[in-house]
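A.B. asks: Modelling step: build the complete structure from the supplied sequences, incorporating the hints.
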Amino acid sequence: MSVKRTLVLGKDETCVPNLPALLTDVIGDGFDFVSVPLVHPRNRRDCAATGVSAARPAAFTRSDLLMPSTNWTRSVVGKLSPWIWPAIESAGPNGEQCPARRNAEDALRQELAWASHLSLPAVLFPQLPAGDCTNTARLVNQCVQQLPHYQIW
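Here my numbering is used: the first residue of the sequence shown is 121, the next is one more, and so on.
Since the hints were made in silico from the structure, they are not lab data.
All values derive from a computational prediction rather than experimental measurement.
Please note: incorrect hints may appear among the correct ones.
Only pairs whose alpha carbons sit at most 16 Å apart, straight line, appear in this in silico EDC-like list of lysine to aspartate or glutamate [as the list claims (entries may be wrong)]:
(1) K131 <-> D152
(2) K131 <-> D145
(3) K131 <-> D149
C.D. replies: Structure below.
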């Protein structure tokens with residue numbers, strides 16, 4: 121009996137000014153998909169703890185109308201923002217809730233919801249630092265339960 125093996129090859133990009141052109145080039149070069157940041161670093165989620173206004177001059181991320189939906193669902197893997205780390209301590213020294221953790225949790229939910237909206241086949245999680253990942257695992261599990269159609273790599 122012969123076993124058919126499939127190799128899927130993707131290209132990782134960190135800065136993508138023109139996603140449709142990049143996708144055309146990547147597919148033309150023989151890659152199956154491209155991994156791109158879901159959110160531009162300049163549009164990082166505003167943190168209530170810093171007093172930054174929730175109103176930002178730019179959109180959260182690029183438009184979903186940038187490409188046909190089949191391009192999103194077949195050829196794009198979204199990368200979560202590398203600064204999101206919801207495993208930080210849940211309380212400050214005086215027992216108050218940590219705004220940085222709450223901000224990271226909200227950003228993770230927002231980015232995973234955006235990936236779901238785009239119907240991406242997978243979301244690439246940044247490399248996790250060593251240490252306790254319990255809260256991160258809880259949040260990822262919660263999001264996958266609610267939005268189960270994509271994989272988390």
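A.B. asks: Please list, smallest to largest, the hint numbers that this structure does not respect.
C.D. replies: Per hint list: zero violations.
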